[in-house]
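These protein sequences, in sequence, are chains A and B.
Here our numbering is used: position 193 in the first sequence is 193, and no number is missing along the way.
Here our numbering is used: position 152 in the second sequence is 372, and no number is missing along the way.
Hints in this document: simulated from the structure, not taken from any laboratory.
Heads up, the beta-carbon is just placed ideally off N, CA and C, and yes, glycines get one too.
Incorrect hints may have been included.
Which stretches of chain A does chain B cover? Using the computed rule of at least three CB atoms under 8 angstroms from a CB of chain B, they are [said to hold, decoys possible]:
| id | segment |
| --- | --- |
| 1 | 31-42 |
| 2 | 67-79 |
| 3 | 115-125 |
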Amino acid sequence: MIVLDEAAYRYPGSAVWALGPISLEIAPGEVVGVRGANESGKSTLCLVASGLAPAAIGGELRGRVVVDGRPTSAHRPHELAVRCGVLFDNPPAQLTGLHRTVYDEVAFGPCNLGLPVADVHARTRSALDVLAIGHLADRHPQRLSGGESQLVALAGLLALGPAYLVLDEPTSRLDAERSARVAVAVARVAEAGVGVLVAEHDEALLARLCDRVVDLGTPP
Amino acid sequence: MAAVAGAALAVAWGGWVAGAVVTVSALAALRAGRLRRVAVTALALTPVVLSSLAVNALLPAGGGGLAGALAALLRLLGATLPPTVLFATTELDDLLIELEARGLGRRSALVVGSALAAVPRTQARAVEVIEAQRARGLDTEGSWRRRLRGVLPLVAPVVIGSLAEVEERSLALETRAFGAPGRRTLLRRLPDSRAQKALRWVLAGLLVAGLLGRAVAVLVAPR
């Protein structure tokens, strides 16, 4: 379970608290939505819940953020990556830029874990299939549309087999059909026991997808 | 191996050795259909070539004359063309896979890969910034003065954007378990024939012999 207990965060060099304090729990298999106006802290919540803030980007965290019983600060970055995948709101920046095919890009995470080759292939194909983007496997990652990049970045996370997924506006660049595909994929991984936190502006998607929705309101 | 040996021998010996390295590089680029890209790199050396000509041929202190300028040019081309051909004919991920397969750590391979990928990324970012600035009315066409004035507003967004991208990429790598311990899984290896292996040993021998020979030649040369 991911637990945020009175968690508040401010970015390095900033006097303003970008998030919280907020208390929130995400259980395995549960889909929790986050809504809120621009600047209300949705993206910051995603960074904090996934442990990237403050571990990777600095700043100050107050309160506690715990993943599966251990504070995020006690996890090493690669352990957190396997436990909790996070999709940024700028997916093209989440691609490594080191690969010439989408297949290799998606396989990058499992390869980093040093898994046997057969497992890497199985995870990669499964992640591509669950998002129905197998046809992109041979395409160059730098020549994808924004929406395709979003799906490939998500597939890269799914291939790591995380226990939790934190998705920052996962359908912001997608048309209705692809948004529905993401919703189906998220529902499917949640059924498989993955806890999901989704920050979204799309109320209809939140209503369709989430067990409950947290409102961050408007910034002060 | 060929790129390292060629560049090193061209620098060490200059003269006909550098000429041979340039010729072989040009033939390799021609065979791979990348002659144009290699020629562009050669043309990028024009300012250096002109200054070398000026120093050697026009200024008395230069001393080398036109022959000295041409020799310097040949040495410069011999040093730059082999790596240019290497990077023009090798896919980045193939290079990284081979480097890792030969024992280079994942972080070192990433540094190499990021450095090589930075050039096209920066070019793409510059094009985006130019289009954005044009949309806001910046005039980047016309006389050289106007073009120069148009370049200045591009510098800050390109540099700052590139720095921000480095931070984004490092976060992206964190989310993909890049820091996991142990060796990465390599999904494939490039074919490596016996002939290629043998050629690498020959080139390594040639490199060592060439550098030693040059060192001896310098030491025993009359002063």
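Hint-by-hint comparison with the structure:
1. Requiring three or more residues with a Cβ within less than 8 angstroms of a Cβ of chain B, the coverage given for the segment 31-42 of chain A is violated, as only 0 such residues are present.
2. For the segment 67-79 of chain A, the assignment as covered by chain B holds, since 3 residues bring a beta-carbon within under 8 angstroms of that chain's beta-carbons and 3 suffice.
3. Only residues whose C-beta sits within less than 8 angstroms of a C-beta in chain B count toward coverage, and the segment 115-125 of chain A has 5 of them, enough to reach three; the restraint holds.
Hint 1 from the earlier list is the only one contradicted by this structure; the remaining hints agree with it.
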